[in-house]
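Number of protein chains: 2
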Amino acid sequence: MPFELTKEYVGKIAEAIEQRDVATLTAELEELYPADISEILYELDEEQSKYVIQLLDQAVGAEIISNMDPTLRKDLFKLFGSEEIAQFMNYVDSDDAADILNEQPIRVREEVIALVKDRQKARYIIDLLHYDEDCAGGLMAKELVQANVNWTILRCIEEIRRQAEKVEKVLSVYVVDDAGILLGRVSLKKLILARGEKHLSDIYDDDLISVETYRPVEEVADLMQRYDLESIPVVNVQGRLLGRITIDDIVDVITEQADLDRQAMTGLSAEVEEDDSVWMLSRARLPWLFIGMVGGLLGSRFIGLFEADIAIIPAMASFIPIITATGGNVGIQSSSIILQSLASKMGFDKSFSERLWKVFLVALLNGFIISGFVLGFNVLVGLPVRLGLVVSTALFSVVLLSSFMGTLTPLALDRLGVNPAVASGPFITTTNDLIGLAVYFSVAHVLYDF
Amino acid sequence: MPFELTKEYVGKIAEAIEQRDVATLTAELEELYPADISEILYELDEEQSKYVIQLLDQAVGAEIISNMDPTLRKDLFKLFGSEEIAQFMNYVDSDDAADILNEQPIRVREEVIALVKDRQKARYIIDLLHYDEDCAGGLMAKELVQANVNWTILRCIEEIRRQAEKVEKVLSVYVVDDAGILLGRVSLKKLILARGEKHLSDIYDDDLISVETYRPVEEVADLMQRYDLESIPVVNVQGRLLGRITIDDIVDVITEQADLDRQAMTGLSAEVEEDDSVWMLSRARLPWLFIGMVGGLLGSRFIGLFEADIAIIPAMASFIPIITATGGNVGIQSSSIILQSLASKMGFDKSFSERLWKVFLVALLNGFIISGFVLGFNVLVGLPVRLGLVVSTALFSVVLLSSFMGTLTPLALDRLGVNPAVASGPFITTTNDLIGLAVYFSVAHVLYDF
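If you read the protein sequences in the order shown, they are chains A and B.
Under our numbering, the residue at position 1 of the first sequence is numbered -17, and the numbers go up by one with no gaps.
Under our numbering, the residue at position 203 of the second sequence is numbered 185, and the numbers go up by one with no gaps.
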């Protein structure tokens, strides 16, 4: 049964903490997984969180900490000394330890590393601190089980026994040569089923997908997803085995990427959650709102130029919203389709001209249909035919132009290394508002012969 | 090195197919993983695809087929007889087999099931066809390794040997009692390290997370992500072990969900890709464009009511776009934040009034800032102060109203069981356009005392 956090439950825990009611607390928390306890800590303050963590087994405390939100963890760690942090580090995998220490001030980081008892773990952490978090090296853990290709199965199992204590999840054993170059892997299933005197060289699988440390995280996610991998070994350029990435870390990468894209598309400039403070929520929204304002004010100056026209035919003003809305809707649809192509990398890239030709055909068809529909409606409700023609001609042109804008902007942003999801947000609606207005008033000017 | 599909490569393969050049084809395709070959098939027609698949080993062919896009697979299978399809089914896991057969006409489905040689597989498939694809039962595979709690380790390894042939990936062994009730699991690591004469009851881990068949897929994804699971057992209401879900299927669920949300948010009514036909692309865009049109036409009728006002103060028309754009932008930002809360389920639900109070505060702050900014600008460029006040008062009200609309709409849709992502799309921009216009002209009416 999945654990459901309720207000009542948090209240009960908070009260038990206040009363230092150790019996209730341990009884309650023993029922939970560490990931659930991390969730409770979201609702407690740092002092309360510290009390809970210190009450529990150090291994459990370490797992709770590695599951926490980085911002909360940073605040919490201000209450802990370097010695205490170092003790937790003994229990977390090297990749999580490196991530946690990267959040700390350099002084704390150095102290903690010096104080970690398990010196191999300390060396692992130092190694991992070198890598950028956006590449395979920044995501890998050093903990893995490796075996020399010349060993017998029996020796290999002996080594697993020795190494496995430090490796929480053994998904497969990596096979290396004497120089540490990765040759392949052996699944635990194969090891169990093989006879002990056989050599690893007889049974290992050399058809193994690995990644170099410098590969971007998205590429790793792509590979693991495409080939249904639970873990992927990480090697240096010489092919030496350095670590492994497990699928749970990749699942987090995929979810984060989707969140970031959604936020970029909806005009939020920072990762915010409903729980954040009013000021943070407000600040995350303001940049794009301002861009919208600037666009809107430019638009108003532009329409101002045509004030004389509007004074003659006030009905022209009524169609401003339909023009701007169409520009925005069509632009966002177009950029969404390109975003998908950029993300999925399915098939090879279409040539630029093929792509635009198709965009043109779709826009032609849709522009024709909706401008025809609007013309019909306007004529039916008795609008002067000439104004109806102005509106529908403008709509048609806006569909064409916005389709191209929505297609070209994400492609250009992607080339420039900017997240193209931004192109599906207020940026494209603002730009297309302006384009739409320019088209509308130009068409009116021509057709009315002002 | 990840495989990169190029136009040249596809051309080479297509030519080899035309010339029936078996040597080149097998040499080239042997280098590739089945998932890569599936990708090549996207670029070939059905006849060519059939030729490639029949050229390869049946097991490889089966894996290529299970990696294919369902639409393409459906077309391809029209060229295969039921007998041939049944042969492929022997090689794919029961969950994939059930998915594939679900795409087929009932007659073919029945024929294939009758023709599958492996009768256990056939029974598995029949079982799985009963489940809805949106619940745990629809995602699980029946292939798994299970062991009776009373067995010794040696007996268990003997059974793995027997069962493992049919189970491609053995991540852990599920432990059941005599009635098949799931009791826990044993990792392969533990099995390797334990002594053979011990009983499973001594070493198995009873702290196991499982799901019932009827649980929605999103809940399974949530659980596996929260607790970092590679696989999760599926049980019936009595707790009997029925199947397991592996993380690769969940990764696909997460990616699909993100894609669906993005499409809903960008006003695409069907899952389309750039590669789809002009007509499909056009059709996916039309419904939301039409809703935009209807909204726009309603808006134009509404503005028409104020034609007399606009004739007197034509400058009023210039600020229509900034009002409608702000409504859209603010509404989308608000709904995006709620979407995130609904998706992450982090922390407990805030009470309704707390939620709205915060929305109100953020809107107050942002509304104040941007309407102040716009007022300042308008006064600086010499706009009549009264018109400036009308515009900024309207902007302020629009920010407030759109924040509430953007918050309440996704919450309401979620309650109604509709994907709340729709609320971040053209729906909210269209609605907010209308609200914005109503506010703007009402404020003008009051302040100008028309």
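Treat each hint with caution, since some may be false.
Identical chains share a label here; the pair holds if one copy fits it or two copies do between them.
Straight-line distance between alpha carbons at most 30 Å, and here's what the computed BS3-like set of lysine-lysine pairs gives [unchecked claim]: (1) K(-11) - K340; (2) K(-11) - K172; (3) K148 - K180; (4) K180 - K32; (5) K180 - K340; (6) K180 - K151; (7) K99 - K32; (8) K60 - K171; (9) K151 - K172; (10) K171 - K(-6); (11) K(-11) - K99; (12) K(-6) - K99; (13) K60 - K180; (14) K340 - K171; (15) K60 - K172; (16) K99 - K151; (17) K148 - K172; (18) K171 - K56; (19) K340 - K(-6); (20) K(-6) - K151; (21) K340 - K99; (22) K340 - K172; (23) K32 - K148; (24) K60 - K340; (25) K(-11) - K151; (26) K171 - K32.
Think of the hints as simulated: they come from the structure by calculation, not from any bench.
Status of each hint after checking the structure:
Taking identical chains as interchangeable, the C-alpha atoms of K(-11) and K340 lie at most 30 Å apart only when they sit on different chains, with a minimum of 18 Å there against 54 Å within one chain. For the identical chains of this complex, K(-11) and K172 are neighbours neither inside a copy (49 Å) nor across copies (39 Å), given an alpha-carbon limit of 30 Å. When the C-alpha separation of K148 and K180 is checked against a cutoff of 30 Å, the pair qualifies both within a copy, at 26 Å, and between copies, at 24 Å. Taking the shortest alpha-carbon separations for K180 and K32, neither the intra-copy value of 52 Å nor the inter-copy value of 41 Å comes in at or below 30 Å.
For the identical chains of this complex, K180 and K340 are neighbours neither inside a copy (59 Å) nor across copies (67 Å), given an alpha-carbon limit of 30 Å. In this assembly of identical chains, K180 and K151 lie within 30 Å of each other by CA distance both inside one copy and across copies; the values are 25 Å within and 22 Å between. Within a single copy, K99 and K32 get their C-alpha atoms as close as 22 Å, which meets the 30 Å cut-off; across copies the closest is 60 Å, which misses it. With identical chains, the CA atoms of K60 and K171 are never at most 30 Å apart, being 45 Å at best within one copy and 38 Å at best between copies.
Taking the shortest alpha-carbon separations for K151 and K172, both the intra-copy value of 17 Å and the inter-copy value of 11 Å come in at or below 30 Å. In this homomeric assembly, K171 and K(-6) never come within 30 Å of each other (Cα to Cα): the closest approach is 46 Å inside a single copy and 39 Å across copies. Within a single copy, K(-11) and K99 get their C-alpha atoms no closer than 39 Å, and across copies no closer than 55 Å, so neither meets the 30 Å cut-off. When the C-alpha separation of K(-6) and K99 is checked against a cutoff of 30 Å, the pair qualifies neither within a copy, at 37 Å, nor between copies, at 58 Å.
With identical chains, the CA atoms of K60 and K180 are never at most 30 Å apart, being 54 Å at best within one copy and 47 Å at best between copies. Taking CA atoms no more than 30 Å apart as the test, K340 paired with K171 passes in neither setting, with 50 Å inside one copy and 54 Å between copies. For the homomeric pair K60 and K172, neither the shortest alpha-carbon distance inside one copy (47 Å) nor that between copies (38 Å) is at most 30 Å. For a Cα distance limit of 30 Å, the shortest separation of K99 from K151 inside one copy, 22 Å, qualifies, whereas the shortest one across copies, 37 Å, does not.
In this homomeric assembly, K148 and K172 come within 30 Å of each other (Cα to Cα) both inside a single copy, at 22 Å, and across copies, at 13 Å. Within a single copy, K171 and K56 get their C-alpha atoms no closer than 41 Å, and across copies no closer than 35 Å, so neither meets the 30 Å cut-off. Taking identical chains as interchangeable, the C-alpha atoms of K340 and K(-6) lie at most 30 Å apart only when they sit on different chains, with a minimum of 25 Å there against 61 Å within one chain. With identical chains, the CA atoms of K(-6) and K151 are never at most 30 Å apart, being 34 Å at best within one copy and 43 Å at best between copies.
Taking identical chains as interchangeable, the C-alpha atoms of K340 and K99 are never at most 30 Å apart, the minima being 62 Å within one chain and 46 Å between chains. For a Cα distance limit of 30 Å, the shortest separation of K340 from K172 qualifies neither inside one copy, at 51 Å, nor across copies, at 57 Å. In this assembly of identical chains, K32 and K148 lie within 30 Å of each other by CA distance solely inside one copy; the values are 26 Å within and 49 Å between copies. With identical chains, the CA atoms of K60 and K340 are at most 30 Å apart between copies only, with a shortest distance of 28 Å across copies and 57 Å within one.
Taking the closest pair of Cα atoms, K(-11) and K151 never come within 30 Å of each other, the shortest separation being 34 Å inside a single copy and 41 Å across copies. Taking identical chains as interchangeable, the C-alpha atoms of K171 and K32 are never at most 30 Å apart, the minima being 42 Å within one chain and 34 Å between chains.
In terms of the numbered hints stated before, the structure departs from hints 2, 4, 5, 8, 10, 11, 12, 13, 14, 15, 18, 20, 21, 22, 25, 26, listed from lowest to highest.
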